[in-house]
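Chains as they are written, first to last, in numbering that gives the first Met the number 0: chain F, 0 to 113; chain X, 0 to 154.
Quick caveat, the hints were computed from the structure, so don't treat them as lab data. Treat the hints with care, as some may be off.
Unchecked claim - Here are the simulated distance ranges between beta carbons: (1) Val-69(X) <-> Arg-67(F): 49 to 55 Å; (2) Pro-30(F) <-> Thr-104(X): 41 to 47 Å; (3) Ala-59(X) <-> Thr-108(F): 27 to 33 Å.
What the hints assert, rightly or not - Derived pair list, reagent style SDA-like, types lysine to any residue, alpha-carbon separation capped at 25 Å: (4) Lys-17(F) <-> Glu-74(F); (5) Lys-61(F) <-> Ser-3(X); (6) Lys-64(F) <-> Met-42(F); (7) Lys-17(F) <-> Gln-49(F); (8) Lys-17(F) <-> Pro-41(X); (9) Lys-61(F) <-> Ala-45(F); (10) Lys-17(F) <-> Ile-12(X); (11) Lys-17(F) <-> Arg-57(X); (12) Lys-17(F) <-> Thr-9(X); (13) Lys-61(F) <-> His-7(X); (14) Lys-17(F) <-> Asp-8(X); (15) Lys-64(F) <-> Thr-27(F); (16) Lys-61(F) <-> Ile-12(X).
What the hints assert, rightly or not - Looking from chain X toward chain F, a few residues come up when the C-beta cut is under 7 Å (computed): (17) Arg-14; (18) Phe-37; (19) Phe-76.
The model shown is predicted, which means the values in this text are computed figures rather than measured ones. Cβ atoms here follow ideal geometry from the backbone N, Cα and C, with glycine treated the same way.
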Amino acid sequence: MLDQSIDLDRTFQALADKSRRTMVERLTLGPASVSELAAPLDMSLAAVLQHVQVLESCGLVKTEKVGRTRTCRMERAAMSAAEQWITDRRRGWEARLDRLGDVLNEVATTGERP
Amino acid sequence: MTLSTAVHDTFVIERTYAAPVALVFESWADPTRKARWFVGSPEALGAGYDLDFRVGGREAFRGGPPGGTVHTYESRFHDIVPEQRIVYTYEMYADEARISVSVATVEFHGEGAVTRLVLTEQGVFLDDHDTAAQREEGTRSFLESLAASLRGDDS
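Isolated chain X, as found in the complex (with noise of 0.2 Å):
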């Protein structure tokens, strides 16, 4: 049985990459690009990954263990400024029930030969989808992870 429980977040993560921005925005753009850091793998476009880079457009994708749940995440592009800014909104789904709603803001700083990252997410996670395996995984990463969050520990 599944409560219906709304539980809101955000999020910021900067990286700062080694090349120029132009290099960086391309590769938010480009599908096979995107698909190699997005998914792991260049050859996940057309099968389960989809990406339809423009205001309007959609990007897509499916996945999860043979048998297992099969995790889907949509999203569609608001706002595109080459080299400087994205804005999107994603649903994540577990099988057919949503589990979250977000939307995220990815900015693009060039400074010359390095670009900063800053990447803030605002989402709503709907419901209590976990499982109890899931709920054994322990307090001990929990507390890590609100350690390096309340560090601002990015890296």
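Just chain F, with the same shape it has in the complex (with noise of 0.2 Å):
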């Protein structure tokens, strides 16, 4: 279910930066701990918990602590709330324009007056 704070905005502000980005990519792997999720980057546990915190603050990822491990994972609802709204209509849109391009070729290939 679709959680009323899920906000597209505060999503594509924490996806548009590159590391935070390398952290989704691991966790659609499946869930991993901070520290797995800082192996692949050039930067320190803290930074790298910063990260962790916005993308859990737009309800992207999900954290929880066991012991002294935080475990971090994907949340469905704010990945499927953004990707039917951009599949649904900016995709759409492609491929219709993409269609009109065909058609505008058969046309000049024909000869079909306008």
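Take the two lone chains and join them into the complex the hints point to.
In structure tokens form, the structure reads like this:
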């Protein structure tokens, strides 16, 4: 179910950062600890934790602390709302405008008058 | 159960076509030709698709798989400047539920033998009508769409 607080602007802002996209890509494969997320990145654990907090505040990621380990996982609802919006609107129009290009090419080939 | 939510978004898509602006504009104005690319089938005209291309005129498309959700697109033209601009609003429905309301602007820039088309859409996505199946489509395609939109990659 979609959370009321989901805000596409904040989702996009969170994902505008390359390090955070790297973290999200890793999390699409499954849950990971903060240290695991930090491994491929050239930054301190504290900096990674700050990025995780940005992802968590916009609802993309959920974290849970068990003992000394903080585990991060993707929160599907936020992705779903954003995904549906982009898929339905933008991709739909991109496909239509590509078909328009095909029709224009056909018209040019057959010499049909506009 | 559906929660009452509203998600806003704006996007811009550009295309450059190897055709003069008169031909590109006509492809939006002529019902038979528009059905070919908008619906993907000229036969749809009068059979689910209708276009009344004039200010105040309407356009509608209804379709969907047999026994499945009927998707309805209903639009109204607000401003038409031949070979330059079209402004319209449209609503999308899934069965009886209103999914989105948008205002779209299409600008045509004739540059001799080619035409640059800029489509800007500003809309609001209403409530959460997605299904469990759609949610399972995964985050990968979302990231690809997102990466493309962040790059401004329209091709």
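Query raised in the report: Can you give the numbers of the hints that this structure goes against, from lowest to highest?
Result: Hints 8, 11, 16, 19 not satisfied by this model.
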